[in-house]
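These protein sequences, in sequence, are chains C and W.
This note's numbering numbers the first residue of the first sequence as 1 and each following residue consecutively.
This note's numbering numbers the first residue of the second sequence as 1 and each following residue consecutively.
Note that these hints are calculated values from the structure, not bench results.
Possibly wrong hints are sitting among the right ones.
[What the hints assert, rightly or not] Per label pair, the in silico range of CB-to-CB distance:
{"#": "1", "chain 1": "W", "residue 1": "Lys155", "chain 2": "C", "residue 2": "Thr40", "range": "43 to 51 Å"}
{"#": "2", "chain 1": "W", "residue 1": "Val67", "chain 2": "C", "residue 2": "Leu71", "range": "52 to 60 Å"}
{"#": "3", "chain 1": "W", "residue 1": "Thr62", "chain 2": "C", "residue 2": "Leu100", "range": "51 to 59 Å"}
{"#": "4", "chain 1": "W", "residue 1": "Lys114", "chain 2": "C", "residue 2": "Val37", "range": "28 to 36 Å"}
{"#": "5", "chain 1": "C", "residue 1": "Arg165", "chain 2": "W", "residue 2": "Val57", "range": "31 to 39 Å"}
{"#": "6", "chain 1": "W", "residue 1": "Ser158", "chain 2": "C", "residue 2": "Lys194", "range": "54 to 62 Å"}
These numbers come from a predicted model, not from an experiment.
Every residue, glycine too, gets a C-beta built ideally from N, C-alpha and C.
2 protein chains.
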Amino acid sequence: MASTDKPDPEQGKEVTPPPKPESSSVASPTAASYFSVDVTLRVLLFASTLTAIVVLVTSKQTVRGRVPIPLVAKFDHSPAFIYFLVALSVAGLYSIITTLASISVILKPEFSTKFLLHFAFWDVLILGLVASATGTAGGVAYIGLKGNDHVKWPKVCSTFDKFCRHLAGSLAVSLFASVLLVLLVWFSVFSIHKKLPK
Amino acid sequence: MASTDKPDPEQGKEVTPPPKPESSSVASPTAASYFSVDVTLRVLLFASTLTAIVVLVTSKQTVRGRVPIPLVAKFDHSPAFIYFLVALSVAGLYSIITTLASISVILKPEFSTKFLLHFAFWDVLILGLVASATGTAGGVAYIGLKGNDHVKWPKVCSTFDKFCRHLAGSLAVSLFASVLLVLLVWFSVFSIHKKLPK
Numbered sequence: 001m002a003s004t005d006k007p008d009p010e011q012g013k014e015v016t017p018p019p020k021p022e023s024s025s026v027a028s029p030t031a032a033s034y035f036s037v038d039v040t041l042r043v044l045l046f047a048s049t050l051t052a053i054v055v056l057v058t059s060k061q062t063v064r065g066r067v068p069i070p071l072v073a074k075f076d077h078s079p080a081f082i083y084f085l086v087a088l089s090v091a092g093l094y095s096i097i098t099t100l101a102s103i104s105v106i107l108k109p110e111f112s113t114k115f116l117l118h119f120a121f122w123d124v125l126i127l128g129l130v131a132s133a134t135g136t137a138g139g140v141a142y143i144g145l146k147g148n149d150h151v152k153w154p155k156v157c158s159t160f161d162k163f164c165r166h167l168a169g170s171l172a173v174s175l176f177a178s179v180l181l182v183l184l185v186w187f188s189v190f191s192i193h194k195k196l197p198k
Numbered sequence: 001m002a003s004t005d006k007p008d009p010e011q012g013k014e015v016t017p018p019p020k021p022e023s024s025s026v027a028s029p030t031a032a033s034y035f036s037v038d039v040t041l042r043v044l045l046f047a048s049t050l051t052a053i054v055v056l057v058t059s060k061q062t063v064r065g066r067v068p069i070p071l072v073a074k075f076d077h078s079p080a081f082i083y084f085l086v087a088l089s090v091a092g093l094y095s096i097i098t099t100l101a102s103i104s105v106i107l108k109p110e111f112s113t114k115f116l117l118h119f120a121f122w123d124v125l126i127l128g129l130v131a132s133a134t135g136t137a138g139g140v141a142y143i144g145l146k147g148n149d150h151v152k153w154p155k156v157c158s159t160f161d162k163f164c165r166h167l168a169g170s171l172a173v174s175l176f177a178s179v180l181l182v183l184l185v186w187f188s189v190f191s192i193h194k195k196l197p198k
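All chains, please: the whole structure from these sequences, using the hints.
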């Protein structure tokens, strides 16, 4: 048994990496490059949620038609768009926090596995939030675009063209954010899987 | 080096498990119990999607009011509910396939890691689908319940009470299915993480 604890000294010099904490021994050579991809995705997530929020909030449109009172369309006239705004804000804040966390892992790679696990857990929740909010806002926006004759809900977008263009843009960017979150979960799962011994 | 390949015969008898493929050496003692939880969650997912589909499809309501023509409410009067039905059907089919796959892992545990990885990848996509469809249908159903005065969309649920009760039930069960999918992703990620060397 003693011979297994002391490997051949020449061979030991060739193979043994410089001393580092044991938990990072499997992953550390590539942890920095892993997390630079992670940081890129999270910065993109922040940019897309911020864009979607700005486009949504600036969607207000006032129309002066034949009626004496001007008609106003604002996103907060529908609870669906308020939920959409809240979900995007949560995702935006989350992306800031996790970008910082991900940068901290690049500086201290020995905690990479723990962070990947936490990222995967939370990313899934935020994905559920953003996907459902995109669906909610999209469903209401579609009624605005097409109306629904069965229940006599008239079209809105024929009157409020700018409002609906903003909504469509915000929804498209939010869909992109959902795709980013799926990629982030895949990335975390794949990175944890990569660390398994062959 | 030769001594490391031949361990002490007495100790080898005590510790070494019965011969099995190398890839399962980390996980096999608990793989069956892991996957029995996985199978349970997937069967629950199937049951909940099937329930949601049945409750949605049977929501048709005909109301004979003061008007000569009877009013009919059906889920396929709204594209949102058709999308909801399609998403639930995809999730239901997916749950059948992955339940069978998960059972096959209990019988052949040496592929457990590969299956966990694939499950995590696909579960995330199905979660995005079900969450967005639940959001879409929920957003439209909420307008049916409350109406929207700003754009003159009248309430529907005051007339079609049974229709709206069915929708609410279907949405609640679908929300439960989304939670199950989040748990399934968490479970896969956690199980892969558990296999990492300490």
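Now for the hints, and whether the structure bears them out:
1. The hinted window of 43 to 51 Å between Lys155 (chain W) and Thr40 (chain C) holds, with their beta carbons roughly 47 Å apart.
2. Judged by the Cβ atoms, the range 52 to 60 Å given for Val67 (chain W) and Leu71 (chain C) is violated: they are separated by roughly 30 Å.
3. Between Thr62 (chain W) and Leu100 (chain C) the Cβ separation comes to about 57 Å, which falls inside the hinted range of 51 to 59 Å.
4. Restraint check, Lys114 (chain W) to Val37 (chain C): a C-beta distance of roughly 23 Å breaks the suggested window 28 to 36 Å.
5. With their beta carbons about 36 Å apart, Arg165 (chain C) and Val57 (chain W) fall inside the hinted range of 31 to 39 Å.
6. A hinted range of 54 to 62 Å for the beta carbons of Ser158 (chain W) and Lys194 (chain C) is consistent with their spacing of about 56 Å.
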